[in-house]
Amino acid sequence: MDVSEKLIFPGQKHETADGGILITKLDDAINWARANSLWPLVFGTSCCAIEMMSAADAKYDWSRFGFEVARATPRQADLIIVAGTIVMKMAPVLKRLYDQMADPKYVIAMGACTISGGPFFYNTYSVVKGVDHVIPVDVYVPGCPPRPEALLHGMIALQEKIKNEHYFGKKAEKDK
Amino acid sequence: MSLLGEDIVTEDGEFVINMGPQHPSTHGVLHLKIWLDGETIKRVQPHLGYIHRSIEKMSENLSYRNFIFATSRMDYLSAHINNEACALCVEKGLQIEATPRAQVIRILMAELTRLSSHQLWWGCTGLDLGAVTPFFYAFREREAIMEIMEETCGARLTMNYMVPGGVMYDIHPNFQKRVKDVMKQIKNNLHEYFEILTGNVIFENRTKGVGYLSKEDAISYGVTGPTGRASGVSCDVRKWFPYEGYDKVQFDEILDNCGDCYARYMVRMKEMDQSVSIIEQLIDNIPEGDFQTKTKNVIKLPKGEFYQRVETARGELGVFIVSDGAASPYRIKYRSPNFSNLSAIDHMARGAKIGDLIAIMATLDLVIPDIDR
Amino acid sequence: MTNEEIKLFISAHIPAATFDESGEFLNVIIASEELLPIMKELRSNRDLEFDYLFCLTCIDWKDHLMMVYHLLSKKHRHVIVIKAKITDVNDPQIETVCGIWKTAEFHEREVYDLFGVKFINHPDLRRIFLMDDWEGWPLRKNYVDENMIEI
Ligand code: SF4
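Chains as they are written, first to last, in our numbering: chain A, 1 to 176; chain B, 1 to 373; chain C, 1 to 151.
For the record, the hints were derived by calculation from the structure and aren't laboratory data. The reader is advised that the hints may include incorrect statements.
With a straight-line cut-off of 25 angstroms between C-alpha atoms, the simulated BS3-like cross-links for lysine-lysine are [what the hints assert, rightly or not]: (1) K7/C to K215/B; (2) K239/B to K40/C; (3) K270/B to K83/C; (4) K300/B to K187/B.
Covered stretches of chain C (in silico footprint by chain B; criterion: 3 or more residues with CB under 8 angstroms from a CB of chain B, positions within the stretch not fixed) [as the list claims (entries may be wrong)]: (5) 17 to 24; (6) 31 to 44; (7) 90 to 96; (8) 103 to 113.
Derived Cβ-Cβ restraints for the label pairs, each shown as a range [claimed, not checked]: (9) Q12/A to D170/B: 58 to 68 angstroms; (10) E135/C to Q45/B: 47 to 57 angstroms; (11) K59/A to D145/C: 35 to 45 angstroms; (12) G13/B to E135/C: 13 to 23 angstroms; (13) I120/C to G289/B: 54 to 64 angstroms; (14) S22/C to Q185/B: 46 to 56 angstroms; (15) T133/B to D138/A: 25 to 35 angstroms; (16) K75/C to N297/B: 52 to 62 angstroms; (17) N188/B to A102/A: 24 to 34 angstroms; (18) K180/B to K75/C: 39 to 49 angstroms; (19) K141/C to V201/B: 53 to 63 angstroms; (20) A102/A to I17/B: 16 to 26 angstroms; (21) A102/A to K62/C: 46 to 56 angstroms.
Beta carbons are placed, not taken as given, at the ideal position from N, Cα and C, and that holds for glycine.
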């Protein structure tokens with residue numbers, strides 16, 4: 001898959017003498033813009049967070065795909081990456097952060113812990129058995145911890161998902 | 001919400017704020033409740049448990065082979081050393097020793113881990129204090145070490161490489177060459193670390209004389225590792241209670257008497273040199289032979305109590321196994337270095353400004369899952 | 001001091017103390033009521049000077065609870081393990097050692113949280129890891145949790 005091809009504006013280009021005209025659907029234009037500048041709220045609680053940091057470093061460099069504005073605050077965040085075990089005490093905090101984010105918002109569950117409560121910890125008294133008990137998840141990235149490439153793949157999968165959303169017209173009605 | 005607490009003003013005019021559990025500069029899920037008078041800290045109260053995964057309870061149901069793997073998730077930046085501590089403790093119970101080859105491999109892996117952990121800490125300290133560039137420099141070398149780990153252990157972060165009796169697999173044929181390359185790279189690049197951060201005026205102002213911890217207090221609070229050594233406490237387990245043949249390699253225990261954030265920073269920086277030197281002494285002298293002593297499939301420790309301590313990148317990790325003769329431990333206690341180190345934060349932060357708290361936390365080098373276990 | 005001398009010293013203070021040297025360290029088993037005076041003595045005596053409490057925990061032996069204190073002297077480099085037996089499992093209580101070693105404050109809160117041992121005179125005895133409204137003491141052997149699957 002050629003990355004540069006995916007970043008091309010979705011629609012038709014007509015070159016004119018003094019520039020050009022773009023013709024596209026409003027849905028496509030909005031989705032194109034949104035998918036390519038996803039700002040994550042990093043919610044790293046444990047080991048997976050370190051691999052998430054690796055994904056941000058110069059070698060894996062998630063800024064290539066528009067993720068570089070990673071901050072630990074729900075303001076202006078489009079996406080929350082839950083990386084690490086969620087325990088009962090943390091669950092209300094996570095819920096609160098999720099509620100504070102502005103719509104539309106997406107969730108990536110990174111690592112075995114967020115998917116099912118972990119490779120070991122699923123059977124203990126304090127661990128939430130999967131973050132989807134607390135907030136809805138869009139993309140699951142399995143692994144313990146997932147490699148940075150896996151996280152990048154998960155994020156690109158999310159972009160794919162966003163590009164197929166509808167805001168206007170009949171399809172949007174149906175989605176509701 | 002009662003759980004998070006509200007920011008309030010107390011009767012005598014002190015302002016109470018909550019920092020964390022999700023906060024840009026606590027990296028991890030530490031929750032600090034801070035009493036402020038203006039900008040001066042009156043009291044800090046850590047609230048823990050936001051990542052309490054009950055590893056100790058869980059281990060009571062796991063076999064002696066399996067419980068080790070949960071510990072790589074405790075202090076994940078020193079995953080190897082955690083595994084090593086457990087493996088050593090089980091070996092102590094079985095009264096066996098790892099093979100000479102395994103011992104040397106373990107030391108090499110432990111020191112590589114220490115290097116990568118200190119590098120990550122250095123990058124994050126920069127981030128916390130407002131410098132983004134160190135992060136990218138630190139990860140350059142860290143990634144190189146991770147690649148070595150991946151080749152030999154098959155994982156980048158949670159390696160699960162140490163098993164009772166030795167190591168899980170033999171080292172990769174490329175191991176020695178790559179380690180030597182990386183050591184050369186680190187030695188060439190270490191001066192950049194100093195150039196970027198150490199002499200920086202802002203950095204020095206924010207760390208020098210901040211967060212002082214005296215020697216007596218450090219001992220009383222049980223502070224160990226580079227944090228303790230920066231206060232002048234000689235506490236390197238590798239020197240005090242040598243394990244795995246650390247007594248046969250040459251290295252210095254770095255001590256500093258200043259006890260402030262800058263001292264803690266310098267101790268860690270100098271420790272990187274020592275780790276490089278340990279690795280260089282051993283990399284060409286890995287003995288031939290087996291990488292694992294034969295152990296039974298189902299390990300059963302004799303009745304009794306076994307305590308083993310090791311020096312992780314953050315301090316003294318103790319593993320305390322109580323066995324009743326069954327195939328899984330009766331009780332396991334991890335004496336985690338971060339837990340004790342954190343208990344001194346209130347003492348260190350009193351009277352400081354709120355911005356100093358960030359510097360104190362950064363130089364304590366906390367890993368929260370190790371505190372909560 | 002050698003283990004023999006430490007033994008003599010402790011026997012002089014607590015005649016009922018029993019010793020166990022089968023393990024790596026010298027273990028001293030005493031009753032929970034006798035804990036505080038001997039701990040103070042161990043810390044302040046010039047020849048002992050156990051200034052570093054490196055591990056504090058509890059073991060649930062079903063019919064009694066055993067508090068375990070690992071002590072080290074930075075100066076003399078000797079190690080000792082003090083075990084205090086708490087016989088009342090329904091309402092376990094013991095004196096705090098916070099005043100002697102500051103690190104004990106957090107470790108005792110942990111033991112309170114997971115075993116339910118109440119530390120008398122502790123400055124701030126609250127749950128440390130679990131929520132305040134949590135019920136039960138998870139590391140006790142008789143703790144049941146409906147979320148956990150029996151293995
Ligand atoms: S999935 Fe594995 S690496 Fe990730 S948080 Fe859980 S235990 Fe840690």
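For each hint, the structure was consulted:
1. K7/C to K215/B: At roughly 29 angstroms apart (the allowed maximum being 25 angstroms), K215/B and K7/C break the hint.
2. K239/B to K40/C: Roughly 29 angstroms separates the two Cα atoms, so the pair is violated.
3. K270/B to K83/C: Roughly 39 angstroms separates the two Cα atoms, so the pair is violated.
4. K300/B to K187/B: At roughly 45 angstroms apart (the allowed maximum being 25 angstroms), K187/B and K300/B break the hint.
5. 17 to 24: holds (count 3)
6. 31 to 44: violated (count 0)
7. 90 to 96: Violated: only 0 residues of the segment 90 to 96 of chain C have a Cβ under 8 angstroms from chain B.
8. 103 to 113: Result for this restraint: holds, n = 5.
9. Q12/A to D170/B: 58 to 68 angstroms: Roughly 60 angstroms apart at Cβ, these two residues keep to the hinted range, so it holds.
10. E135/C to Q45/B: 47 to 57 angstroms: This hint is violated: roughly 24 angstroms between Cβ atoms.
11. K59/A to D145/C: 35 to 45 angstroms: With Cβ atoms ~42 angstroms apart, the hint holds.
12. G13/B to E135/C: 13 to 23 angstroms: Taking Cβ atoms as reference, G13/B and E135/C lie about 38 angstroms apart, which means the hint is violated.
13. I120/C to G289/B: 54 to 64 angstroms: holds (56 angstroms)
14. S22/C to Q185/B: 46 to 56 angstroms: holds (50 angstroms)
15. T133/B to D138/A: 25 to 35 angstroms: holds (33 angstroms)
16. K75/C to N297/B: 52 to 62 angstroms: violated (46 angstroms)
17. N188/B to A102/A: 24 to 34 angstroms: violated (47 angstroms)
18. K180/B to K75/C: 39 to 49 angstroms: Given a distance of about 42 angstroms, which is inside 39 to 49 angstroms, the answer is holds.
19. K141/C to V201/B: 53 to 63 angstroms: holds (58 angstroms)
20. A102/A to I17/B: 16 to 26 angstroms: holds (24 angstroms)
21. A102/A to K62/C: 46 to 56 angstroms: holds (54 angstroms)
The structure does not agree with the numbered hints 1, 2, 3, 4, 6, 7, 10, 12, 16 and 17 stated previously, though it agrees with the rest.
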